[in-house]
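Chain residues, written in single-letter form:
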Amino acid sequence: MNANFWFETLNLWLLLALLLVGYGAGRWQERRHYRSIRLRELSLRHVVALNTRYVPEGVDASGAQLVSGSVVISSDYFKTFVAGFRAFFGGRFRGYETLLERARREALLRLKQEAQALGATLVIGVRFQSTTIAGSSTPSVEIMAFGTALLTAP
Amino acid sequence: MLISNLETAPGHRVVAHLGIVQGSTVRAKHAGKDILAGLKNIVGGELKAYTELMQEARAEAVARMTAEARALGANAVLNVRFVTTSITAGAAEILAYGSAVTIEPIRRLA
Numbered sequence: 109m110n111a112n113f114w115f116e117t118l119n120l121w122l123l124l125a126l127l128l129v130g131y132g133a134g135r136w137q138e139r140r141h142y143r144s145i146r147l148r149e150l151s152l153r154h155v156v157a158l159n160t161r162y163v164p165e166g167v168d169a170s171g172a173q174l175v176s177g178s179v180v181i182s183s184d185y186f187k188t189f190v191a192g193f194r195a196f197f198g199g200r201f202r203g204y205e206t207l208l209e210r211a212r213r214e215a216l217l218r219l220k221q222e223a224q225a226l227g228a229t230l231v232i233g234v235r236f237q238s239t240t241i242a243g244s245s246t247p248s249v250e251i252m253a254f255g256t257a258l259l260t261a262p
Numbered sequence: 121m122l123i124s125n126l127e128t129a130p131g132h133r134v135v136a137h138l139g140i141v142q143g144s145t146v147r148a149k150h151a152g153k154d155i156l157a158g159l160k161n162i163v164g165g166e167l168k169a170y171t172e173l174m175q176e177a178r179a180e181a182v183a184r185m186t187a188e189a190r191a192l193g194a195n196a197v198l199n200v201r202f203v204t205t206s207i208t209a210g211a212a213e214i215l216a217y218g219s220a221v222t223i224e225p226i227r228r229l230a
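Heads up: the sequence lines are chains A and B, in that order.
Each number in this note's numbering comes from the position in the first sequence (counting from 1) with 108 added on.
Each number in this note's numbering comes from the position in the second sequence (counting from 1) with 120 added on.
These are calculated hints, taken from the structure and not from any lab test.
The structure presented is a predicted model; accordingly, all values stated were derived computationally and were not measured.
Mixed in with the good hints, there may be bad ones.
[As the list claims (entries may be wrong)] Simulated pairs of lysine to any residue, SDA-like, Cα-Cα distance not exceeding 20 Å: (1) B/Lys168 to A/Ile145; (2) B/Lys168 to A/Thr246; (3) B/Lys168 to B/Ala211; (4) B/Lys168 to A/Gln237; (5) B/Lys168 to A/Arg153; (6) B/Lys168 to A/Thr206; (7) B/Lys168 to A/Arg202; (8) B/Lys168 to A/Ser238; (9) B/Lys168 to A/Val234.
The task is simple: from the sequences and hints, build the whole structure.
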């Protein structure tokens, strides 16, 4: 194998390197993110988020304030590459499912954190909203959760 | 000013409806941050610069909506909704809208 061979196949090596970096870093980050999500979900369990529009019966609530939590999350090179094949054959995009799930849980956590900072333990009327961010080949998506935080009397 | 995405304000009664109010903004991050985000696209994960961009933009949209409501003499905006549209690479329009109302606390019978 001479230098010319390496030079001519540079594109291929570059692609393989990007895939490898995407796979390794993406996986590592996903696992770390899930660990952090689980921990914070446990510590914020006392903040209850509901998507009902009315205060639950028998709860004395006041001081409504809008709270929100949002996150912009990006797929990695490997997931995007695999998704390219998926789009051809059809079926579940497992990589994107976990990506969106993690973003949604993160957004809800940030909403609860904001509510907790206001001294609220009840958030009602929670809605989710997602937007794809344009302008790159790798999909990025913004997930936002918003709701009304209420101060409840014990 | 009470801002809520509920149709009612718990513990309050709506006295007058003053109509729909809205606030919007179109924002983009500078190119340096876009390049960083481009690199982040290889490894995946949160794009913090964009998260901040959207949060700032949303706060601005809510502030403009609130200013409009205040000009109408409202003391609350109910049923607030958000709409986001990406316009071009790295730029987004964020719109917040709701109903401007005046509310008063409900007096409890002791």
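Hints, verified against the model:
no.	hint	in the structure
1	B/Lys168 to A/Ile145	holds (17 Å)
2	B/Lys168 to A/Thr246	holds (16 Å)
3	B/Lys168 to B/Ala211	holds (15 Å)
4	B/Lys168 to A/Gln237	holds (18 Å)
5	B/Lys168 to A/Arg153	violated (25 Å)
6	B/Lys168 to A/Thr206	holds (19 Å)
7	B/Lys168 to A/Arg202	violated (24 Å)
8	B/Lys168 to A/Ser238	holds (16 Å)
9	B/Lys168 to A/Val234	violated (23 Å)
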